[in-house]
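In order, the protein sequences belong to chains A and B.
For the first sequence, this note's numbering gives the first residue as 229, with consecutive numbering after it.
For the second sequence, this note's numbering gives the first residue as 229, with consecutive numbering after it.
Where hints are given, some of them may not hold.
The list makes no distinction among identical chains, and a pair is therefore deemed to hold if it is satisfied within one copy or across any two copies.
Claimed, not checked - Cut-off 20 Å, straight-line C-alpha distance, at most; resulting in silico cross-link-like pairs (SDA-like, lysine to any residue):
1) Lys355 x Glu248
2) Lys288 x Glu590
3) Lys355 x Pro387
4) Lys355 x Arg577
5) Lys288 x Ser564
6) Lys561 x Arg274
7) Lys288 x Lys355
8) Lys355 x Ala243
9) Lys561 x Ser591
10) Lys355 x Ser491
11) Lys561 x Pro308
12) Lys288 x Ser328
13) Lys355 x Ala462
Think of the hints as simulated: they come from the structure by calculation, not from any bench.
Listed here are the chains, written in short residue letters.
There are 2 protein chains.
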Amino acid sequence: MSVTAAQGFTASGVAAGIKENGNPDLALVVNTGPSLAAAAVFTSNRVKAAPVLWSEQVLKGGQVSAVVLNSGGANACTGPLGFQDAHATAEKTAEVLGHSAGEIAIASTGLIGLRLPMDAVLSGVGKAAEALSPHGGEKAAIAIKTTDTVHKTAVAQSPAGWTVGGMAKGAGMLAPGLATMLVVLTTDADVDGPGLDTALRAATRTTFDRIDSDGCMSTNDMVLLMASGASGVAPDAAEFAEAVREVCADLARQLIGDAEGASKDIRIEVVGAATEDDAVEVGRSIARNNLLKCAVHGEDPNWGRVLSAIGTTSAAFEPDQLNVAINDVWVCKNGSVGEDRELVDMRYREVRITADLAAGSESAVIWANDLTADYVHENSAYSS
Amino acid sequence: MSVTAAQGFTASGVAAGIKENGNPDLALVVNTGPSLAAAAVFTSNRVKAAPVLWSEQVLKGGQVSAVVLNSGGANACTGPLGFQDAHATAEKTAEVLGHSAGEIAIASTGLIGLRLPMDAVLSGVGKAAEALSPHGGEKAAIAIKTTDTVHKTAVAQSPAGWTVGGMAKGAGMLAPGLATMLVVLTTDADVDGPGLDTALRAATRTTFDRIDSDGCMSTNDMVLLMASGASGVAPDAAEFAEAVREVCADLARQLIGDAEGASKDIRIEVVGAATEDDAVEVGRSIARNNLLKCAVHGEDPNWGRVLSAIGTTSAAFEPDQLNVAINDVWVCKNGSVGEDRELVDMRYREVRITADLAAGSESAVIWANDLTADYVHENSAYSS
């Protein structure tokens, strides 16, 4: 299913030889129309990889006929030559597909600071074009994996006859704005570029922008939404936005569930906030607190670390009115000791932290992971 | 030496029974005058422990005759009863010393969210008062240790006949504004409260505020500077400020050198910044990047993670003009590959990262630690 769940798309995933281990490493997703409308959001990191700089230009034209994604190398911090490599990949793809290079988006993921093996990339594009299939969505999703242990796909279908499908990769460097991820969403709904952009930004704001595995923001993130219009149905805007949000939320949850070295998925819900911005700020501060992340790993309901994280924010609250629940046990009430911490059962992978700021009625949910020796090992034992 | 290196101070450290393992856990430092001038800086965490709230009140009076410090419990997030405990400790100390409780500062460190065993604390104050000695500085420094593996002291002496001495504790929750630490500085120079305040704030701004072990800000930090005037010398203001800065820098470096689970001390120097604030912002962003901290642990000169950390800041720079050196090898030039990364030798405990923003002439140094499986273990295997 994945990116080929919607009509009007073909996809493929091949082993191009970019990864030294011979695993699949290049994916191609092609929009066969009739529409080529597209929208995308990119990393807010100011150090942007070459494919991000290239794809930002492409998206300004509002049309995307295909996207090439490679794992095995980020093509980030590679200077003007790296940008030439992204450009050359688009030209090659345009040539084999008979499209315009200005409508080919490029995405890369892997180690920063290394040039891509362009012979492998360019011959891989040819192989991928030959392998294109209306059932190629799974193979494409597999080819973009880096340290992901599983590939991630999601689909939402409307009774009105249109579909939104998607694939994602991302396992480390997951933090808001965006997380370190590549995501391609496709739909056969007939929606123009501005409509796609509105739905996509609304969806990512409360999904991908609210997962924070390790506080580290990537140079390569991209979430691309392409619409073929092949269903012939112009959807209700609200229903379409909800379908896009649903697919994004599903993929975001899968990213957290497969984060590098993680043993726990932490759902942080901030309630009672004066503003949504306050709730997000507090949620992110909790999500990034290494000491709390260690405590969760140790299944220790250490609410003091939650309070010390809240205390570093500028959100509206009074310290003596803060309440914190861990797995629904209110271990902190009015900024002090609450229910017995022995009542908290943290054995399961999902841990729920609720922070009540007692300052209003706004809320937000941020997803994070624990901090583990495996995370340290994965990110210190070799370059990634 | 420590806090009794300067004339006019006595100190002691005793095992009061606050820690279950029977280790020393209560320190007392008394200013025997003739002056009782003092200044202090406190954590900028909005969730402040009871002893911080108490001591902030004391410092408003501008005079501190003694400070009681306990390890084994932070007395943070303990509500009104916790504040009463801090107050009672000051009253008891005033009683045994014949002072006013309004001039007794209190500091605590240890687990958040638990009440202190007040019987032990109050009887400990009595024991500590009996043990006071003009040579008690080392014992006081030992009694404030928590997960510190060594006690930390520093002294600076002026040819003009005055001395600044100090002790510090802190091993985790070390992050700017302040780090998780308790620091007591003493001097026999004759300096009034405003003079102490100026020297102390200038010193902490570039020392304790620029170490960042784990990005986590404490609820209990305090740096207290007490002046007895016992030398009879009114120092040159600039020389005094430099002596205070020197002692603070020495203690700050010792804190990083003993940070929980760390195997590397990382000196991050940001140069070529448009403003000092930019340099500090960039330095802190690098200092808090978990992926980079893991890479340093693995002795991997992963400059891409440095660039991705710089890219999350609002500092003035152009991505294609950034330069990064690791242990003096410029592995990144103009935002791309520079000298051969194989030239970087990272075997030693101290690792130097230099980030050149090529945007001006300001600079700042931030000290940090690597991220290790030992850090995870220390902070997940038990409550701390």
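Checked against the structure, which of the hints given earlier come out wrong?
-> 2, 3, 4, 5, 7, 10, 13
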